[in-house]
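Colleague: Here's the letter readout for the chains.
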Amino acid sequence: MNMMQVIQSVVWAVLLWPCLVSLGVPLECKDEQGSIILCASISKEKLLDRVIQHAELIYRVSEESCTLFEEMFVPFPMRSQRNHAGYTCATKAFPIPGSKSEIQQISDKWLLHSVLILVQSWIEPLVYLQTTLDRYDDAPDTLLKKTKWVSEKLLSLEQGVVVLIRKMLDDDMLTTSYYEQGVAPYNLQPEVLESVLRDYTLLSCFKKDAHKMETFLKLLKCRQTDKYSCFLH
Amino acid sequence: MASPSFLLLLFPSLGWLSVVTSSADPFVHAPHFTGCKSREQVTFSCWWTAGSFQNLTEPGALQMFYWKKNDLTNDWKECPDYSSSVKNECFFNKNNTVIWTTYCVRLSSKSQNITYDELCFELQDIVYPDPPVALNWTLLNVSRSGLNYDIMASWEPPPSADVSVGWLTLVYELQFRRRNSSHWKVLEHEFGTQKSIYGLSTGEEYEVRVHCAMRAFSNFGEFSDAIFVHVSEISSKESTFTVTLVLIFGAVGVAIFLMLIIFSQQQRLMVILLPPVPAPKIKGIDTELLKKGKLNELNFLLSVGGMGGLHPYPPDLYQDESWMEFIELDADEPEPGAKEDNQSSDTQRLLSLGHNNHHTSHGCSHTLSIPDNDYDPELPNQETLMLMAALLSSQPEKVEPCLGNRRSQSNPLALEVLEVPCPRLQAPGLAPEGGERPLVQTQLGGPHSWVNINFYAQVSDVMPAGGVVLSPGQQVRAPENAPTTEEDKKNNGKMEGGEEEREGEEDEEEEERRNKKLPSQLLVMDPEAGGYTTESSGRQIRTPDPSSPGEVYHAFPPPPPYLLHTTPLGDYQSLYILPNSPAQFLPPVLDYTVVQDVDSQHSLLLNPPSPQRSPSCPPQPPSKPLPTMPIGYLTPDLLGNLLP
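Sequence order for the protein chains is B and H. Numbering (the working numbering) for the first sequence: 1 to 233. Numbering (the working numbering) for the second sequence: 1001 to 1644.
Hints are computed from structural coordinates only; laboratory data are not their basis. Quick reminder that beta carbons are idealized off the backbone N, C-alpha and C, glycines included.
Not the full set, but computed from the structure, chain H residues with beta-carbon under 8 angstroms of chain B: (1) V1042; (2) V1098; (3) I1099; (4) W1100; (5) V1165; (6) G1166.
Take these sequences, add in the hints, and give me the full structure.
Modeller: Printed below as a string of structure tokens:
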């Protein structure tokens, strides 16, 4: 009898050996947020800080790129045409809260997911924008570099948000490559015929979305540190 | 500054419509929006003006409608809150505001049939934050010199902006200026709430202000209230102390430098600042003589000593004529008698003297003696000394007292010297000055070498350079060696510093030289040079120019030994070779005599040598008739200058 139990346990151990091993394996040691972590797990707070740093940088660079593009290519009277009624950015699959009160009422999960969706929705258009800008004759190098940098960092941000989601929400269902396939390609305004205006719109919309990402993440961070004060106002 | 930029932002948003409208009639302004602003990205307000349309100024004439992009309906809603306090303002509270959503506002008439202006924007683009609060400054440090200081300015974000939540991320810009300046210096954007300002000047008052904007936007809000920064000047004690210290050190350094210069260049400075006053003198004549009125001496000087200098004798004449000069030893014999007798006696005496190196104690004769006790022992030692021809004073009466034993007075180490007349009469014309003039003592060094030397040498030729070529009948010296001849000369009025030692040395050197060269050479001394001449100076002296002091050329008998007689005159000694008698320069003179007096007609009176001389000491130059002299040799006018 004992002999049989021993044999069974051994067999189970042999069978379940991968599971045991996998249970003991820490989080994946890949380059999260663009930084090298030697298979050491990073705390949620630090990860969140890094994610927020990424978002801030992306937002700043996108703003600089937009300004640069506007100065170079957009004629003055049309500079703020994006504010015009006819101008609009692509709408997302799901509504994103706009008011502060609404945003403060959103749950953490929803915030993170919103960020992730936003990030993932801009990966492709930015690549597209890069190819478009290369066609410009006198596009400044800084603009090209910035857009390239932004697209790279966006990928890092995506990875970070995924990990953050996994950590904070214990939600493993998302993968790094996940993005809404349902997001329609960027719809150009029918009246915007010139590529310049199209690109300008693209940059402006990206800048707005980057601002959204940053705001969401910061609110999230506020909640992590001091829940009560964040919900005030 | 925010509103103009905002206006620029908003007005073009209407597109070319507004531009066309305004350009059509610049003086007529239609009602339009003046701006929409949000302070904290939660609420916002819009303002408009009626423009020049006076009929629309009453409230309610204009209406503002808005429309949100994400509204389900597409109709325009009227302003939710026409603010009561401010005219033409519409306020949107937080319940109505959405970010990242396009708002459009429209200004229209009451009946909504005329739209005057339209504006679209998104809330995050019109955020102009409130000014920061609690602007303060602290002193960081003050520079060493006390002229500059650094401060750290700190502030707090506007309370309306919810920065802690992260709703707004602000960037700040600090500006400062001097109190009286009108230009603000702008510092870089700062994300923190403090900023340091470097390089402010003490004693000046500064204004500092700060404003903020949402990050990545350039919509800076209003400026905060300016604060004043002032740091009083630190007591300038330190700076003045430093300056004083520097000045003191600089002055000390300069003083030291000047002292160094002065001490190193003392001589030259003295010459420059206090140039020596040239004493009145006649070349070749001792002023003492003139003072004391020693006519005899004067005459002697003129005749013998000052010959070369006083008489503008053409050099050529000197060259052409061969003089024979004689140098006689001072002899103790009272009667000058025959020269030969004197010679022999002198020679013998000389020889004997030469043998007795150090113990000669003859009076007066044959020796050059330095009567002074402070005879320089460093004078050439006996080995090196050569016999110098010593000349006795030409003035018999002067010679008298001289006879003492010079040697006794002189340093025992002194060389064998030929004694000369007493110090009082060191030189003819030498004023009796206390006898402190030591005569240069020359030793009859190498007496053996002198055995065969005649004591008299004949001047066979005179060099243009002034050298005298002596030939004891045998050799003719090369002209270049002129300075090697020694001459006795009367010092005549050249007052130079006592250079007896130098004289002695020179004598000895020249003796040596003479020994090595032609023994029959005369060493000509230059009285002006303190009584002796170096080789080089000798050359100059040899030139029988009138300017040179009296150089005495003496004719020597054919086998003449020559003696050197250095007679100090005044302050110096001059080596000179005295003839037996104060001889005058005579071209072919074989004999010489001394000019004793000058008569009323200014003619020289020559004295017979012997009777007046002291029997013991003074050499009695044989009296000779006054030979015919070339005209101009001793001119009356020149003589007249000398006579008292």
